[in-house]
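Same order as they appear, the protein sequences are chains A and B. Numbering-wise (our numbering), the first sequence opens with residue 508 and increments by one. Numbering-wise (our numbering), the second sequence opens with residue 905 and increments by one.
Simulated from the structure, these hints should not be mistaken for laboratory data. All C-beta atoms, glycine included, are put in the ideal place defined by N, C-alpha and C. Any given hint might turn out to be false.
Which residues of chain A face chain B? A partial, calculated answer using Cβ under 10 Å [what the hints assert, rightly or not]:
| hint | residue |
| --- | --- |
| 1 | I561 |
| 2 | H593 |
| 3 | K597 |
| 4 | L598 |
| 5 | I599 |
| 6 | D600 |
| 7 | V601 |
| 8 | V609 |
| 9 | G611 |
| 10 | E613 |
| 11 | G702 |
| 12 | Y703 |
| 13 | L704 |
| 14 | Y729 |
| 15 | E730 |
Footprint (simulated), chain A over chain B, 3 or more residues, beta carbon under 8 Å [claimed, not checked]:
| hint | stretch |
| --- | --- |
| 16 | 1084-1098 |
| 17 | 1208-1222 |
Below, each chain spelled out in residue letters.
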Amino acid sequence: MAIAAIELKNITKRFGKVVANNNVCLSAYKGEILSLLGENGSGKTTLMNMISGIYYPDEGQILIDGNEVVIRSPKDAFDHKIGMIHQHFKLIDVFNSTQNIVLGLEGEKHFSFKAAAKKTVLAVSRIPKNILRFFKSLVKTVKRIPRFPYFVAKFFKSAAKAVCSFFKSPEYAWHCLKTAAKTISEAYQTIMCPGYLKRAEKAVLEISKQYGFDLDPNKKIYEMSVSEKQTVEIIKVLYRGADILILDEPTAVLTPQETQKLFAVLRNMRDDGKAIIIITHKLHEVLSLSDKVAVLRKGEYIGTVNTAETNEAELTEMMVGKKISLNINRSEPKDPVDRLEVKNLCFVDSQGVKKLDNISFTAKSGEILGIAGIAGSGQRELLESIAGLQHVQSGEIIYHNPKTGEEDELCGKSPIKIRELGVRLSFVPEDRLGMGLVGNMDIVDNMMLRSYRKGKSMFLERKKPRNLAERIIKDLEVVTPSAQTPVRKLSGGNVQKVLVGREIASSPTVLMAAYPVRGLDINSSYAIYNLLNQQKESGVAVIFVGEDLDVLIELCDRILVISSGCVTGIVEGRGADKSEIGFMMTKANGGFSDGEQ
Amino acid sequence: MFDKVFPFINSTICTAIPLLFGAIGEIITEKSGNLNLGIPGIMYMGGISGIIGGYIYEHYSSSPSTFLCVTIALLASLIGSLILAFIYSFLTITLRVNQNVTGLALTTFGIGIGNFFGGSLLKFFNEPGKSISIIKTGDGFKASLPFASKLGVFGDTFLSFGFLTYLAIIVAILASLFLNRTRKGLNLRAVGENPATADAAGISVVKYKYFATLTGGAIAGLGGLYFVMEYLGGAWTNDGFGDRGWLAIAIVIFAIWRPALAIFSSFIFGGLYMLSIYIPGLSSSDKELINMLPYVVTILVLIITSIRKKRENQPPASLGLSYFREER
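Construct all of the structure, not just a fragment, from the sequences and the given hints.
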């Protein structure tokens, strides 16, 4: 068997107590596309970040072409011809693609006396040839001269047009003036472009041609679509001579057509002898693109299979594993009534991407409704729409008010009105402190964020929030030096407890929790589960967005599965089949990607 | 009429040069993402250090040579402004202190140092008199092209300047070429736009920030030196430099962070600054209104650029933010 282009041996990485990768072994070969498959939080990205120099492994070895190497920084990775295309692009908006591609590279050569002497000797020996060359370049320059009149003519033409049409249609005149101004900058760009950028531009065009990309080397990044930006990232890596390419969920932001284009390019690169590792959740992509599939589950390496010899069912099972019993208490819902009804909800974000497509479901009082889905399938947008933080395009959100018995339409109401109705969002985003709590403020002040409107005098009322803070610290066993400690200094679990504690203290009727146990150890997680269960028993409709399927199955009464902004199924929590849910999560039924732009 | 126009042009150029030095220094600094509000202080520091250097040399030397006078004053000025720029860099880049606070503190500090030594330097050397005046050094800086005086009005208006005037324009053009035409300039701009991306591309963010802030400080300091040496002819008056440092920062905005445009802008600002003196028959309140013009123009530019929202005309995206790699 050939030597692997890159081989990982027994790689282990821990973040504090959390083991992100445990004893992972993996190899990728030249001329092969390897898919890295796994659920959210299974450690795929962490593993790849160790290859690309962002993290450093705690244990294990990395071998390139059979030799052990040490990768401490992104630069080391580049030196070993490893290039990673991150999910969040690292590009500079006001630069054009070529400038971004050459960024940080050294000049062609540093001056050295030896090289200069050699060059001189060479130059002298080639004087006749150089004379010829000189004339050739002279011809080239002369040939370029016709471009000056072109720009000059264009400029005067649009300027003249602007003057002529000034009285008839000022708008058109303005447009012409703009064109004239643009001509100047265009002329400057083509004629004054520094030599190193011109050479790079040529190389970029060559790479584009070789692999079938479509890229304008002079286009600014901020004018580009997502897929163009991705193209720039890939060419950047290729320009630096990478032989091992890692792509972190490259298709998450692409339309199906763009995905097909990308795959064609990747196949070209594979045929060119590059080793490609692609991280993805989407099973059909894995099957159509890759040669081999490696599966990770909760940081453990499960195995590698040849794509030709496997199928979706087997991969799903490898990915989600056998059902594990967690012993989370789950009581039967007590006389559930409809509390929140979502009908045909659609949401298109500011970039024109359809994030929610025709979502309908009902949340009932006294039960926990779980929401399962791959990260970024629209969970965040769904919760924010209900809380009034997003402006939805169409659809209804109907709230059955238990006090008045009336039905309220939540769409179009301000977040404060929605809160007053008793709908609470305890949103825990990726950075945990982003929404909900203010890191530099202490627990009491954070309590006050919810109550400062209630005071009667012009001064803040501090007593009640302080009592509340102390109650939460006592009841939820928050480990903190005092209620006056800035929240930022608490550990993740305690921050979560403070946040959830504050939200349930105002006795909500609907409680939404997104990833409330992300990054928590087992004990803290169970404390949060118990809190949610208590709320459920007191008749609150709980909506729980989770990552871990085992938890969802044991905790929730019903599970709503979404994929790419579409509902792909609602299953009963009791007796739910894990691989069935896993399959629904990865099912691509077109959904938002078809309707994009 | 014409007897006023040519002196006006002449004094416009004289006023514009320190502004140009300050603006170029600030542009280079800001392109690395550091908002150095200490530039006015650094310009004071550049001025007083040049004075101190020149004074000490003239004081101890029995027959000072003009060349040495100029060289020593120039070096002293560079050292003075580099010290302040280094304090700023160390605080904001290495210790990541808030840039606005540091800059404002440095401005107060620099002006204070300037006025302190300006007022007490003579006492240290037990010399009589009230104000410092180093004529020899001043003459060295003022020395213009030998044939300038023979060219009549044209020579008087456009060529009667010392070498610092021409240096300012050369520095501005070089800065423009550096930022727009070289790899290092590209890297520097990348650091100011998005340090995390620059870091990932293998650019040493800290190195570039130090380089830009120190270079920018040194260039701005020359503005102070020009003012005391060529404009005042080697003399120091407390608070004489006035608010020109802030005007230099306003020029940076007016020139939308482009050194080539800064040449043009500083001449406009210099002209507006001097305008009230050359318009006959103005009451003192009218003069104040005209002195306001540079700032009004700056506000207008700010409004226009923010309405147009063209990305190239915006300040560097990470201006004023400190960079810490682990905070990804």
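Hint check results:
no.: 1; hint: I561; in the structure: holds, 8 Å
no.: 2; hint: H593; in the structure: holds, 8 Å
no.: 3; hint: K597; in the structure: holds, 4 Å
no.: 4; hint: L598; in the structure: holds, 6 Å
no.: 5; hint: I599; in the structure: holds, 5 Å
no.: 6; hint: D600; in the structure: holds, 6 Å
no.: 7; hint: V601; in the structure: holds, 5 Å
no.: 8; hint: V609; in the structure: holds, 7 Å
no.: 9; hint: G611; in the structure: holds, 3 Å
no.: 10; hint: E613; in the structure: holds, 8 Å
no.: 11; hint: G702; in the structure: holds, 9 Å
no.: 12; hint: Y703; in the structure: holds, 6 Å
no.: 13; hint: L704; in the structure: holds, 8 Å
no.: 14; hint: Y729; in the structure: holds, 5 Å
no.: 15; hint: E730; in the structure: holds, 9 Å
no.: 16; hint: 1084-1098; in the structure: holds (count 10)
no.: 17; hint: 1208-1222; in the structure: holds (count 4)
Every hint, counting from the list given before, is met by this structure.
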